Amino acid sequence: MRWSAFAVFIALFALVTMLGFVAARWRKADLSDLHEWGLGGRRFGTFITWFLLGGDLYTAYTFIAVPALVFGAGAMGFFALPYTVIAYPLVFAALPRLWRVAHRHNYVTGADFVRGRYDSRTLALLVAATGILATMPYIALQLVGMEVVIAALGFPMGGATGDLPLVIAFAVLAAYTYTSGLRAPALIAVIKDLLVYVTVITLVIAVPWKLGGFAPVFASVPADKLLLAAPPPHSLGSYSAFASLALGSALALFCYPHVLTGVLSANNPRTLTRNMALLPAFSLALGLLALLGYMALASHVERLPEFSPYFARFKSSFAVPALILHTFPQWFAGVALAAIAVGALVPAAIMSIAAANLWTRSVYREFINPACTAAQESNQAKAASLVVKFGALLFVLLLPSSYAINFQLLGGVWIIQILPALLFGLYTRWFHRYALMAGWASGMTAGTLMALDLHFASAVYPLRFLGWTVPGYAALYALMVNIFVTVAATPLIRAIGLSAGMDSTRREDYLPVE
Amino acid sequence: MSRARANTPYFARSGRHARSAATGRSRVWYLLLLVPIAATLWVPLFNRDAPAFFGIPYFYWYLLAWVPLSAICSAFVYLQTRDRH
Chain A
130 MRWSAFAVFI ALFALVTMLG FVAARWRKAD LSDLHEWGLG GRRFGTFITW
180 FLLGGDLYTA YTFIAVPALV FGAGAMGFFA LPYTVIAYPL VFAALPRLWR
230 VAHRHNYVTG ADFVRGRYDS RTLALLVAAT GILATMPYIA LQLVGMEVVI
280 AALGFPMGGA TGDLPLVIAF AVLAAYTYTS GLRAPALIAV IKDLLVYVTV
330 ITLVIAVPWK LGGFAPVFAS VPADKLLLAA PPPHSLGSYS AFASLALGSA
380 LALFCYPHVL TGVLSANNPR TLTRNMALLP AFSLALGLLA LLGYMALASH
430 VERLPEFSPY FARFKSSFAV PALILHTFPQ WFAGVALAAI AVGALVPAAI
480 MSIAAANLWT RSVYREFINP ACTAAQESNQ AKAASLVVKF GALLFVLLLP
530 SSYAINFQLL GGVWIIQILP ALLFGLYTRW FHRYALMAGW ASGMTAGTLM
580 ALDLHFASAV YPLRFLGWTV PGYAALYALM VNIFVTVAAT PLIRAIGLSA
630 GMDSTRREDY LPVE
Chain B
571 MSRARANTPY FARSGRHARS AATGRSRVWY LLLLVPIAAT LWVPLFNRDA
621 PAFFGIPYFY WYLLAWVPLS AICSAFVYLQ TRDRH
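Chains as they are written, first to last, in the numbering used here: chain A, 130 to 643; chain B, 571 to 655.
Isolated chain A, as found in the complex (with noise of 0.2 Å):
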């Protein structure tokens, strides 16, 4: 056991706790009530959802996968990068017309909007099933980060006592999601934001201080992996690869429900806007991360007896762990590992809330108990995110932790199908709902197929065309069949005159108000 960063670490878990059953009583409100346990009464200001988003968005898992990417893999782990620069400026204009739209409509959902705007309880059940699919294994996921810091921490690593912290700190963060509802990530995600800032920072100017600059660092890299190769001929090779993936990753991230719920949790859609130029601070924070691989790699604490056990279990996810117990003294390594452990517990929380609302506006209260009451509907939620993070948890003590890492690659890959309903949905009503539905399944299909064919080693599938070789992240490519689909089949669907069903949003309901 390291007992001094054991300490720490137990200090700033307690204080955490604490914060996440206080935070019921924060901006008082009835917590029968589903958008004020599932949205925080969609209240948060510019100040708190950026904290919120950041702590959403940038996962525990995002800080220990990608520096683990860049360390194994090179400049094409960097992809994180672009992803994180364009997912802002992609949605800018689209996430105030849903804001909008849902305020006026009390969707607490992105599967409610579709609802609505398509009057079919089938397309929004798919969305809604694809959203929880998509998320259980992000937060076992999660999960995986935390076993990863546990270990680091001194623990044993699996059998019952590796496997008692973890049991005890994710019952602990469901017993607060439970009370407290988004209030408590709301809350918890601005402590956990500012142990992330404080870590990065540091391990940034100390690695390279103790190395002697950056030159060092890159010159560690092996010539191979420090640009992107150059695409053979006839192929587009790496380049449409690091391309694709960006551009997919980005266009999945706000398609996944607990983003979703942090955007529909703002007070207006100008905080929405104004953190579109905020949120980047993060993504600086992420491309210093990433660097954290090269400066791992630089260190060769891979080459360290004391942490190879760690290496033969966690392989590089043990890079930026390795890094911080290598550099700092060990009641700082605490605070770093409390950073990445807390950046586990808010998404977890969002995450499984997200499910929730889901499930009970979805499922629950359209094909169950249409007649709920707003506090059974309320206790319906609170009620699924613990079963959510039950199942979560039984995911990761049951299965190897590569099997998440698979259905992660899968959720990417089946989430980014619910675009055409969701974005598009937004701008326009010409998609038939039964041609959206169409193009779901074969998006569904393609992606799910492309993902077997490459044995989930890896997202990029190299798809074949007139003599060309053009390796995509699969999701995109997947999305693509979805989108040909659906534009070929509405026109058909219409003039077999099946009915569209009714629009309950009207146009101005997307707009600010004159």
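In short, the hints are calculated from the structure, not lab data.
If you're wondering where the values come from, they're calculated on a predicted model, not measured in any experiment.
It is possible that some hints are incorrect.
Unchecked claim - Just so you have them, the derived chain A footprint on chain B, three or more residues with Cβ under 8 Å:
1) 602 to 609
2) 623 to 634
As the list claims (entries may be wrong) - These stretches of chain A come out as covered by chain B in the derived footprint (C-beta under 8 Å, 3 or more residues):
3) 205 to 216
4) 337 to 348
5) 370 to 377
6) 397 to 404
7) 581 to 588
As the list claims (entries may be wrong) - Partner residues are not named here, just some residues of chain A that face chain B (Cβ under 7 Å, in silico):
8) PHE221
9) ALA222
10) LEU356
11) LEU357
12) PRO360
Idealized CB from N, CA, C, for every residue including glycine.
Chain B: place on chain A using the hints.
Same frame as chain A, but now just chain B:
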């Protein structure tokens, strides 16, 4: 019920912020948002190591530099498209 109950129009709460109509002229500024997207996705623009900056190869500092640059683009579009009255 619950659907009708929480239908408080948001302009009733925040009337001052409600009027953010993007007029035809200011909507052109949205095109500025395409610049960071093109600049960071067109790989041949930046896939080289020179010139380095404080020992950081071009590929890396170019992409890092686009983080604040795209934030500036977004902030500019925000200022140009918010309500003017």
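Any hints from earlier that this structure breaks? Give me their numbers in increasing order, please.
-> 7, 12
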